[in-house]
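> Position chain Z against the provided structure of chain Y, taking the given hints into account.
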Amino acid sequence: MAPPAQSQRSHSPSQPSGKGEVSDLKMQLRQLAGSRAPGTDDSKRDLFKKVISYMTIGIDVSSVFSEMVMCSATSDIVLKKMCYLYVGNYAKYNPDLALLTINFLQRDCKDEDPMIRGLALRSLCSLRVPNLVEYLVGPLGAGLKDGNSYVRMVAAVGVLKLYHISGSTCVDADFPALLKHLMLNDPDAQVVANCLSALQEIWGLEASSSEEAVREREALISKPIIYYLLNRIKEFSEWAQCTVLELVSKYAPPDSNEIFDIMNLLEDRLQHANGAVVLATIKLFLQLTLSMTDVHQQVYERIKAPLLTLVSSGSPEQSYAVLSHLHLLVMRAPMLFASDYKHFYCQYNEPFYVKKLKLEMLTAVANESNTYEIVTELCEYAANVDIPIARESIRAVGKIALQQYDVNAIVDRLLQFLEMEKDYVTAETLVLVKDLLRKYPQWSHDCIAVIGNISSNNVQEPKAKAALIWMLGEYAQDMQDAPYALEGLIEDWEDENSPEVRLHLLTAVMKCFFRRPPETQKALGAALAAGLADMHQDVHDRALFYYRLLQNNVSVANSVVNPPKQAVSVFADTQSSEIKDRIFDEFNSLSVLYQKPSYMFTDKEHQGPFAFSEELGNLSIGSEPADDILPAQRVEANDEDLLLTTIEKEENRAHGNNDSAYNAPAYDSSLSQLAVSQTDGELLSLDQTVPADAPQPSSAIDDLFGLGLSIAPSPAPSPPLKLNSKAVLDPSTFQQKWRQLSVSISQEGSLSPQGVAAMMSPQALLHHMQSHYIHCIASGGQAPNFKFFFFAQKADEPATFLVECIINSSMCKAQIKIKADDQSASQAFSALFQSALSKFGMA
Amino acid sequence: MPVAASAIYFLNLRGDVLINRLYRDDVGGNMVDAFRMHIMQTKELGTCPVRQIGGCSFFYMRISNVYIVIVVSSNANVACAFKFVVEAVSLFKSYFGGAFDEDAIRNNFVLIYELLDEIMDFGYPQNLSPEILKLYITQEGVRSPFSSKPSDKPVPNATLQVTGAVGWRREGLVYKKNEVFLDIVESVNLLMSSKGSVLRCDVTGKVLMKCFLSGMPDLKLGLNDKIGLEKESQLKSRPTKSGKSIELDDVTFHQCVNLTRFNSEKTVSFVPPDGEFELMKYRITEGVTLPFRVLPTIKELGRTRMEVNVKVKSVFGAKMFALGVVIKIPVPKQTAKTNFQVTSGRAKYNASIDCLVWKIRKFPGQTEPTLSAEVELISTIAEKKSWTRPPIQMEFQVPMFTASGLRVRFLKVWEKSGYNTVEWVRYITKAGSYEIRC
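Residue numbers (my numbering), protein chains in the order written: chain Y, 65 to 907; chain Z, 1154 to 1591.
If we strip away everything but chain Y, and leave its shape as in the complex, we get:
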């Protein structure tokens, strides 16, 4: 590098990104390096500060490495620290230069001042240069035996650092055994704690390859060690206490006396000022008493007060962390918190994430005695200016209604919401009233009276509109205006963007027709005509289906559309109890905040360099498994899932018709089978031209009527392939599988022109594919080239299909690569995938 012009040498004003600045520094450092004049240290300090501040803001100052090292011969401890920091930052990328530092670091490791020894040892271990590890072993060994606890404390963590650079060097030098010895004998508690942390990590990582490590890891949670640590618990710093308590929570005492001994010993930890210690203690207590039901309950009672205190003190972030844990406990045992519901009332200024958790807890703890108060409070929030909170509150009221006894009062409240005349309130309420009626048909009279007054013009959200239309159809006989309201809606058919709404409209008008034929006939005709002309496949099919059904036999049609219904008794739970238990086992960690077990989000692979992760990094993460969606939306999606599946189950079991009017059951072949069995046997004889196509029940039904109209004929797979509607796969597993599996099918597919038009927003494709149970894990690109990664799962077994799909929208072409766990099914899946893709945009 050329030396800068002399004129620049004066302290020029800062122009941080300048190369000149850096080389200027280099010059000045070089001058100072040899100087022994008084005051040198002060000017060195200024220069070092500059270097560090450049380093912090991201300017590369690695070029002054050798000068820094030369200047490091100093007795000034602050200078030394800055130099160590610098060296630690750049050594990794300059391994050759790092060798220069070894010398002075090793010398400092033998300094008579323990402070210097400790600092030097810490820096030496932080160099992170693999080929320098041989120089670490000596000083580390000496450090572990140092007479000063500060040095030993640093050395213990140093061993762990060494292990991360070179595991074999660390194990070969027998450091773990030394650590263990120190852990059990050192008088200084912080040394003990650091040894424990290091050993836990080393044995934990080593356990996958060595049996001895597994034994050692087990030995850490053996009685003698646990008792040794517990007896010293008060010596430990608050942070070290967390480590110890976490370790103890893995220990399973052989009898209940021991459990009580441990709990008695640690009960005072619940009064510790550090919330982390309190949480760690709570975890320990909960884990210890898992098998003792009554004691477990008492533990809940005991920890309630400390938890509530923690929630109400500290910053919002801290209280959020605690609140998430409280949330978990409340969900596990709502009855135990029923009397504390007032603690979950929201304050006006609390952030959204806190309010949301509180609303969920309020919903969970509602019981006979407190429902009235809770619902009153929730109604306050419904009037909140914050729209997401208002929506959440209304949903919460609805959930309480679905789980509670005092429905009467709640129904009144819900109906009052409709009078608030706010679009979003009305929308949420309509959806809820619909669910409520499905569970409690006896309330229909009261609800319908109010619903009848709502003008469909005021309802814009598709879900709400669909709900309203469903009610218009279902209760056509009680609503004076039903046929006319429907007629109005059908007139606006063209402007209705949501296929879901159009599907509902078809079904509703059918139902209405059977109850009030003369008034509805005209509307029905208009609806069927519009439906048949509809570009959306499902809408078209359903219109056609109804049309043929009516043609064939009106009374059969009636029994298909208006079957006797059973009230839905229980709505399914979103999370399996197994997952909930996993989360509970990981109490006091991120799992609780994310509300999913750690294997779903920790991802050791992402550090490894491989192509896919980069690819994935560049793509925006889309769809379910990724966490990119707002929490509120995610919940919404879950809710919908929930409803769809329950409806399907319910009605499939009872009657097997597609009265439910949801567009989802497209690939549920059980439905198609039922449809087959229900419609007359002789209809089957009409089926001549095209063989029944199991994975596409909609077209299968067409074929049953001998129409041969199926739009996207696909190669007939022998066994019908069913996909799991709620397939889950986290990105890391996806990446792993993608690397492991070989491509089983690679082919070109086509997109309809409408599909290409709809590609204006790739999000639409994701939703479309999701409705076919094919989920997107990542997507990216810009017109005309898009790239998507999809996955799907078989409904009956956990076999997964992975798809890479590159779409060129200007050519209407799609490159599809499919990888499958079950190679034999990949052909069927490919057909399914392509037909789904070709239908995209038909709306």
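There could be a bad hint or two in this list.
Quick look at which bits of chain Y chain Z covers, simulated, 3 or more residues with Cβ under 8 Å [stated by the list, open to error]:
no., stretch
1, 214-222
2, 337-345
3, 363-372
4, 408-418
Calculated from the structure, these hints are not laboratory results.
Cβ atoms here follow ideal geometry from the backbone N, Cα and C, with glycine treated the same way.
Coordinates of chain Z only, in the frame set by chain Y:
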């Protein structure tokens, strides 16, 4: 594994890095960019303090005009991480003397790096106690506590105390005048319905101490809490004196308090750290005396006019007074004109927060000033939505009053040299979130 951090960053509001400290290699160097891109530059900021991007989790906290971001790649202990940040900030504050903001960080960044080095090693929190750290990390830094030069004798062996049994206090302190200051600070949280019934009410209190005591003193604090009193009467086998006793829902103590002794004898005994610290925190939900009652009546007269009447009653003793009372009465956004009359203090309309702000500097007990206002609204044509009223909020400080009724019965100082001490006790009640719906 309570790993608290793989890396820790301090950013200013624009997203410039002020401090970056990487503890582990398991997170990449471009984490700041990820944070900036996916959190700071989106609406996500403020929606949730814990977020996952790629394989890493970000915990962030805003403190004055600085974001402190912690990055981890494993399933970390969140509560521990946030607590660590809070503790670290209070440590920095004790070094800078007060403010913690962008300027302070820029001026002290070398010191912060030094401290970050000591308080966390490879992601594991180490010693964060300012008392001890100040022994060997000084801004002068030239002097090492271990140097064997005889001139350096005032600082004893610091590392022994880094983790010693009394980690929070060093030996050999000498004060000419031995003094203890004790403050009981309570904040009252209230949520009252528009009908005047209390929906939720609790008090969170702190006992703050400032100790300037020589040697290794043993302190004992007695409060008029129920359990403590009962225990005492049991021990002395005589009935409790009549008088108010307080039931504490929950108490937490500074690490200096001997918890075993608290559990067996129900007395708070401790060897205090030197200087200022928070001795204990407590929470009370029963028997809270609200210092103020607020009685609002708000009438909407047609579309363009509103009448607001608010009466505030002080319930505490007539000889006491509250300071800095602020009552914020919300009004609709489309407020055009306001007219007030107040019997005490001053009021004005603050358009930026859509509130009538009524301030009373000194508010004596047992009085009830009122505000009556007429609010004119701009009539909007399309506005058919009714106005949803946010709650009235109140701020205040009442010295020499505790909403819970908690009192210090005694504070005993015992030291082997037997010196005399002067004890000062103060009480103050503040508003936490004091909300009255209207």
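> Next step is simple, just say for each hint if it's right about the structure.
Results of checking the hints against the structure:
1. 214-222: holds (count 4)
2. 337-345: Contact hint for the stretch 337-345 of chain Y vs chain Z: holds, 7 residues under 8 Å.
3. 363-372: holds (count 3)
4. 408-418: Satisfied; 7 residues make the cut.
Every hint from the earlier list agrees with this structure, and none is contradicted.
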